Every structure is written in structure tokens, then in C-alpha cells.
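Taken in sequence, the protein lines are chains X and R.
Its first residue numbered 10, the first sequence is counted upward by one per residue in this note's numbering.
Its first residue numbered 10, the second sequence is counted upward by one per residue in this note's numbering.
It should be emphasised that the hints constitute simulated quantities derived from the structure, not laboratory data.
The structure presented is a predicted model; accordingly, all values stated were derived computationally and were not measured.
Please note: incorrect hints may appear among the correct ones.
In this list, chains with the same sequence are indistinguishable; a pair is considered to hold if it fits within one copy or across any two.
Calculated lysine to any residue pairs in the SDA-like style (CA-CA distance at most 20 Å, straight line) [to be verified]:
no., residue 1, residue 2
1, K18, A92
2, K275, A209
3, K275, P71
4, K26, R242
5, K287, T147
6, K244, I283
There are 2 protein chains.
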Amino acid sequence: MSRQSVILKSRPVGAPKPGNFELVEQKMPLPGPGEVLTRTIFLSLDPYMRGRISGRASYAAPIPEGGDMMGETVGEVLASHDAAFEPGDIVVGAYGWATHVVTPGARLTKIAPPAGVPLSAYLGVLGMPGVTAYSAMTDIGQVQPGETVVISAASGAVGSVAGQLAKRAGGKVIGVAGGADKCLFVQETLGFDACIDHRAGSLETELDVFCPEGIDVYFENVGGALQKAVWPRLKVFARMIMCGMVAEYNAAAPEPGPSLMAVVAKRLRVEGLIVSDKPHRFAEWRALAAPWVADGSLKYREDVVDGLENASAAFIGLLEGRNFGKLLVRVGPDAI
Amino acid sequence: MSRQSVILKSRPVGAPKPGNFELVEQKMPLPGPGEVLTRTIFLSLDPYMRGRISGRASYAAPIPEGGDMMGETVGEVLASHDAAFEPGDIVVGAYGWATHVVTPGARLTKIAPPAGVPLSAYLGVLGMPGVTAYSAMTDIGQVQPGETVVISAASGAVGSVAGQLAKRAGGKVIGVAGGADKCLFVQETLGFDACIDHRAGSLETELDVFCPEGIDVYFENVGGALQKAVWPRLKVFARMIMCGMVAEYNAAAPEPGPSLMAVVAKRLRVEGLIVSDKPHRFAEWRALAAPWVADGSLKYREDVVDGLENASAAFIGLLEGRNFGKLLVRVGPDAI
Numbered sequence: 010m011s012r013q014s015v016i017l018k019s020r021p022v023g024a025p026k027p028g029n030f031e032l033v034e035q036k037m038p039l040p041g042p043g044e045v046l047t048r049t050i051f052l053s054l055d056p057y058m059r060g061r062i063s064g065r066a067s068y069a070a071p072i073p074e075g076g077d078m079m080g081e082t083v084g085e086v087l088a089s090h091d092a093a094f095e096p097g098d099i100v101v102g103a104y105g106w107a108t109h110v111v112t113p114g115a116r117l118t119k120i121a122p123p124a125g126v127p128l129s130a131y132l133g134v135l136g137m138p139g140v141t142a143y144s145a146m147t148d149i150g151q152v153q154p155g156e157t158v159v160i161s162a163a164s165g166a167v168g169s170v171a172g173q174l175a176k177r178a179g180g181k182v183i184g185v186a187g188g189a190d191k192c193l194f195v196q197e198t199l200g201f202d203a204c205i206d207h208r209a210g211s212l213e214t215e216l217d218v219f220c221p222e223g224i225d226v227y228f229e230n231v232g233g234a235l236q237k238a239v240w241p242r243l244k245v246f247a248r249m250i251m252c253g254m255v256a257e258y259n260a261a262a263p264e265p266g267p268s269l270m271a272v273v274a275k276r277l278r279v280e281g282l283i284v285s286d287k288p289h290r291f292a293e294w295r296a297l298a299a300p301w302v303a304d305g306s307l308k309y310r311e312d313v314v315d316g317l318e319n320a321s322a323a324f325i326g327l328l329e330g331r332n333f334g335k336l337l338v339r340v341g342p343d344a345i
Numbered sequence: 010m011s012r013q014s015v016i017l018k019s020r021p022v023g024a025p026k027p028g029n030f031e032l033v034e035q036k037m038p039l040p041g042p043g044e045v046l047t048r049t050i051f052l053s054l055d056p057y058m059r060g061r062i063s064g065r066a067s068y069a070a071p072i073p074e075g076g077d078m079m080g081e082t083v084g085e086v087l088a089s090h091d092a093a094f095e096p097g098d099i100v101v102g103a104y105g106w107a108t109h110v111v112t113p114g115a116r117l118t119k120i121a122p123p124a125g126v127p128l129s130a131y132l133g134v135l136g137m138p139g140v141t142a143y144s145a146m147t148d149i150g151q152v153q154p155g156e157t158v159v160i161s162a163a164s165g166a167v168g169s170v171a172g173q174l175a176k177r178a179g180g181k182v183i184g185v186a187g188g189a190d191k192c193l194f195v196q197e198t199l200g201f202d203a204c205i206d207h208r209a210g211s212l213e214t215e216l217d218v219f220c221p222e223g224i225d226v227y228f229e230n231v232g233g234a235l236q237k238a239v240w241p242r243l244k245v246f247a248r249m250i251m252c253g254m255v256a257e258y259n260a261a262a263p264e265p266g267p268s269l270m271a272v273v274a275k276r277l278r279v280e281g282l283i284v285s286d287k288p289h290r291f292a293e294w295r296a297l298a299a300p301w302v303a304d305g306s307l308k309y310r311e312d313v314v315d316g317l318e319n320a321s322a323a324f325i326g327l328l329e330g331r332n333f334g335k336l337l338v339r340v341g342p343d344a345i
């Protein structure tokens with residue numbers, strides 16, 4: 010029996026290309042003492058992975074050339090040398106663009122989805138992106154009733170949760186997304202107050218229309234032109250949640266940013282957040298939000314690509330904003 | 010009897026020049042209902058005043074052309090229509106580059122300096138600059154024992170207090186100042202661990218020598234080349250206290266700043282602070298620090314210029330870093 014995985018064949022310069030990745034076949038790994046073998050059901054694809062393949066020092070060690078691509082999975086335990094797990098358990102915490110993964114049991118978490126909550130939700134709305142949005146809004150955004158909140162990448166896995174939390178906190182929430190279909194989803198399904206299509210019209214003009222008094226909280230996932238348009242519109246005491254700048258991930262060198270004089274003059278708080286610093290928030294968020302997912306009050310959308318062999322093309326599209334909703338790869342069936 | 014004041018004759022373009030200011034003589038003003046007339050003993054000159062004369066919108070309304078220049082004073086009450094004050098009281102809270110000021114009593118605070126604390130201290134170490142440093146370190150800096158702290162404008166009114174507070178919190182404190190005399194003062198008198206002379210050698214090299222593991226807290230008063238040198242040396246979870254960027258105040262338009270990607274990758278917190286947002290901190294700081302001033306454990310230095318007619322030249326020098334210590338104008342004697 011063999012295992013398939015996608016390896017980083019070569020480091021991309023600029024936008025990744027299909028040739029930077031390769032699907033390879035290997036011998037099935039065996040779990041050692043304390044380890045667990047899972048078969049992958051869903052694989053998560055996320056923008057942060059661009060940083061892991063750049064070779065530049067970032068907040069996580071880069072993936073070596075020839076190494077497996079990394080990514081969160083939901084999997085089923087096939088064999089376990091950790092007494093806490095047995096075959097058939099459904100777990101999160103195994104990483105890899107692979108059909109099978111061996112992981113120390115200590116890193117795995119068993120999940121038991123309530124009725125109405127699919128396994129895939131544990132990689133999106135209830136997984137790393139959902140916890141990112143929740144931690145960011147709790148620790149940095151702290152939206153007050155009546156405040157104006159702008160959410161970039163609003164139809165995405167993080168933005169969609171962040172905006173719905175801002176609505177629950179009583180904010181006026183303006184999304185920014187690419188394309189009329191995404192904007193319709195953000196307004197009609199997610200229930201944001203408005204959504205600006207960054208592919209149509211002028212960001213500056215639209216922001217002035219929807220945020221006539223300025224912006225109290227900006228959730229930054231994209232950088233680039235949107236950051237430039239938002240920056241001068243931040244109000245006194247505004248919070249800027251720095252979660253990502255995906256529009257600039259493919260750039261060879263960072264562009265200059267805004268003058269920080271405005272941080273003094275407007276007493277801005279510009280703060281970065283990476284969810285792996287907040288491990289305690291995962292269980293907290295799942296307990297809070299799983300009932301909302303089950304009862305349908307917390308909306309989410311998934312973009313599921315079938316088959317590990319299609320992961321690299323999907324990832325390349327993700328960096329161009331071609332996905333619509335949380336991007337996942339269906340690697341195997343829920344049950345075999 | 011007449012009153013003298015310095016007015017803003019014309020708005021400066023770039024660095025202010027003597028001709029932008031004029032000393033004028035006017036009729037002595039009379040206090041109306043609820044108002045108090047003070048004679049000025051000391052006038053405070055501070056970098057933030059550059060923003061008030063630019064005409065650009067800032068965090069405070071600009072001074073109109075022809076209007077009195079604004080500045081904190083320590084004064085003696087000459088006449089009062091507020092029952093809370095009587096002639097002879099010493100007060101802070103009257104504003105103006107003027108020998109005499111009329112102020113609503115509600116804006117004034119009576120002070121009673123303990124032995125060993127001069128009146129001038131209420132404009133510096135115990136006044137706005139001291140409270141700025143205290144609020145910034147309490148609300149944003151939050152120095153932990155062993156952390157590396159860099160203080161710009163370290164010999165100045167704000168930086169000198171900020172660095173001493175960082176030392177009290179157990180930090181390793183590196184000052185940056187302009188000139189050997191200021192650096193000597195920062196190390197020998199203020200007791201910082203080291204001081205970098207930004208007029209000699211390479212900032213980058215010196216920062217690498219004194220902060221080999223990077224910087225946990227940066228107290229930003231200056232901007233410009235120092236900000237550029239500090240930014241890539243900020244550690245994961247570093248705090249950057251944005252208090253001022255005096256090196257860029259005379260610039261016609263703001264320079265670009267650093268890419269904010271590092272805020273994500275290193276989970277930086279970049280936050281601005283203006284002391285007028287923290288009125289509760291004034292009494293708190295005076296109660297805490299007046300004993301430290303009296304017993305000599307909190308060091309400070311004043312640069313006192315004699316006579317209101319010399320205020321504008323002193324202010325021009327302040328923006329070039331020519332003062333050494335808290336810049337004050339002696340407008341009148343302590344007692345008459």
C-alpha cells in the first residue's frame with residue numbers, strides 16, 4: 010500500500026507555478042511509539058502557506074525543497090500507538106498535502122461534530138480561520154456598537170467570520186471582495202451592511218460612500234491598494250488588525266508602507282496576530298460557535314476541490330483570489 | 010498695564026523661521042465670570058507645537074494666523090472670578106506664549122510643590138512630558154524584566170522619564186540622543202545601560218552591538234533614519250510606542266513608512282498615544298513621581314531660556330534638537 014503527497018519541488022519566484030509542486034508516491038509510513046497514522050479526508054489550503062515556501066524567514070520555518078507541503082487536515086485514525094486514539098476516530102492536527110500522515114498523538118485533537126456540522130467545518134469556520142477571526146476581534150478589534158468596521162477578503166474563510174462577529178457586536182460592517190458574486194454573498198448571505206467590489210470602481214469613492222465618517226476597525230487580510238485606500242480613512246482610536254497581506258505575498262521585496270505619523274496623530278493601534286500564538290482560543294471558539302454553525306446562524310461557504318492532484322492548482326488560484334469561500338481539498342471520503 | 014504675547018504671524022513652510030512669529034503688546038485682559046487671570050512664571054516649549062502651526066488638520070485645532078502661540082504654563086493667580094482660586098495661588102492649565110493669560114477656572118489645577126520640587130518640574134518631569142512617558146509605558150510598553158528597550162530622544166523631557174521607568178521595570182535600556190554630551194548625561198545621570206549618538210557612526214551597527222537579540226520595546230519620538238534602523242530589529246511581539254516623529258515634522262509631505270508585513274509576521278503592536286486622552290493619569294503620576302523628584306531618584310534636566318522674547322528662537326532650536334533637557338522659558342519670577 011502506498012501514500013501520495015505533494016512536495017515543494019522548487020521555490021517559486023513571484024507567483025507560484027504548477028512546476029513548483031509535484032505529486033509523488035511513497036511507501037506507506039508506519040506510526041512509531043506515541044504516533045498515529047491518519048488517512049486524510051479534507052486538506053485545508055490557506056494564504057499563509059505562501060510564506061512557508063518562500064525560503065524567507067517568516068513566523069514559521071520554511072518548507073524545505075523536496076519536502077511535503079504543509080496544511081491542516083481532518084483525518085480518520087487508521088492505526089494508533091497512542092492510547093488516546095483508536096482506529097475510526099476523527100481528528101484534526103495532522104499536517105500535510107498527503108493522503109496519509111503520521112503525527113505524534115499529543116498534537117491531535119479528536120472531534121465529534123454535532124448534527125448539522127460537517128467535518129470540513131473544522132478546517133474553516135470552526136478551524137484555524139474561524140479561530141483567527143475570533144481571536145482578532147476579541148483581542149484587537151473590540152468592536153463597539155455603532156462603530157464602522159471594514160473587512161477585507163470578506164467572502165473568505167477569515168473575513169466572513171470576522172464580519173459576522175462584528176455584526177453580532179453591533180458594528181456597521183462593510184466588506185470588500187473581488188467580484189459581484191462574492192459581494193452578493195457577503196451582503197445577502199453573511200448579512201454585512203454593504204460590500205465593495207474591489208474589481209469595479211474606485212475603492213476610495215466607495216469607502217467614502219459607505220464609511221462617510223471614517224473607519225473604526227479595519228481587518229487587514231490583503232494589503233496593497235486597499236490598505237492604501239483605508240489608511241487615510243481610519244478614525245481617531247481606530248484599530249487595524251494585521252492578519253495578512255495576501256496581495257503582496259508574491260512580491261519579491263516588500264513595498265513601502267504608510268507614514269506612521271498617522272499612528273501618533275490618530276492614536277491608531279496597528280497590531281498583528283497569528284492564531285498559533287493563541288492555542289487556548291481553539292476549544293473556546295469551537296464550544297461557542299459549533300451551535301451557531303448547527304443552527305445556521307453563523308454562515309460560511311466552502312470551495313471544495315476534488316482530489317489531492319488538484320491541490321497545487323487550487324493553491325495558485327487562492328493567491329489570485331479565484332476561490333470563493335474556504336478552500337478545501339477533498340482527499341478521501343468521510344467514511345470507508 | 011499691558012500684556013505681551015507671541016503670535017503666529019505666518020505659517021512656516023518647512024522649518025519655522027523667526028519671521029513666522031512676532032512679539033506683540035496688548036491691553037491687559039480682564040477675567041470674565043468664572044475666569045482667572047494668571048501671570049506666567051514658566052512657559053513650556055514642546056515639539057508637538059509644530060503640528061499646531063502647520064495649518065494641516067492634526068489632533069488639535071491649528072493656531073490661526075495672528076493668534077497667540079499655545080503652550081502650557083505655570084502661573085500665579087492675579088485675579089479670580091472662580092471661588093476655587095485666589096490671588097497668589099500657583100496653577101497649571103493656563104495656555105499661551107504670553108505674560109498674562111485668562112482661563113476658565115475649571116481648566117486650572119492648583120499645585121503645591123513639596124520641598125525639593127521646583128515649579129518648573131510641573132511642566133516637565135511632573136507635567137505633560139512626564140505623564141506622556143508614564144502613560145505610554147503603562148498602557149503600551151509594559152516592559153518585562155530582561156526586555157530590551159530603545160528610547161529615542163533619550164535626553165529629552167519624555168524620553169528621559171520613559172527610560173528611567175523602563176529601568177525601574179527591569180529592562181535593559183538603550184537611549185539614542187544627538188551628541189556626546191547628551192549621551193553622557195543619558196548614561197551617567199539617567200542611568201541607562203547605554204546611549205547611541207545618532208550624530209556619530211552607524212545607527213544600524215550600534216543597534217546591533219547593544220541589542221544583539223533585537224528590540225522588545227521602542228519608544229518613538231523622532232521617526233526618520235532611526236525608525237528605519239529600528240524597524241527590522243523589532244522582535245516578535247515587540248511594542249512600538251508612537252509618541253512623535255519630530256525629525257519629520259518640518260517635512261512638507263509625509264515620507265513613506267515601513268511595509269506593515271512585519272506587523273503580521275512578528276505580531277507587532279504599533280500604537281499611538283497622546284497624553285490629553287489620558288487626563289486621569291496626571292494626578293496619578295504627580296502623586297507617584299513627586300516623591301521621586303523630591304528624593305532625587307527620578308532624574309531630569311531642564312534647559313531654561315530667559316524672557317518671552319526668546320521663545321520663538323528657542324522653539325526653532327527645539328525642532329533641530331539644539332535644546333538639552335526639557336525646554337522652558339522663564340517668563341516671570343517665582344514670586345513678586
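Checked hints:
1. Taking identical chains as interchangeable, the C-alpha atoms of K18 and A92 are never at most 20 Å apart, the minima being 36 Å within one chain and 82 Å between chains.
2. Proximity of K275 and A209 under a CA criterion of 20 Å is satisfied in neither setting, with 30 Å inside one chain copy and 33 Å between copies.
3. In the homo-oligomer, the alpha carbons of K275 and P71 lie at most 20 Å apart only across protomers (15 Å), although the nearest pairing inside one protomer, at 37 Å, exceeds that limit.
4. Proximity of K26 to R242 under the C-alpha cut-off of 20 Å is found in neither arrangement, the shortest distances being 36 Å within a copy and 33 Å between copies.
5. Proximity of K287 to T147 under the C-alpha cut-off of 20 Å is restricted to the intra-copy arrangement: shortest distance 11 Å within a copy versus 23 Å between copies.
6. Only between protomers do K244 and I283 lie at most 20 Å apart by alpha-carbon distance; the minimum there is 15 Å, versus 25 Å within a single protomer.
In terms of the numbered hints stated before, the structure departs from hints 1, 2, 4, listed from lowest to highest.
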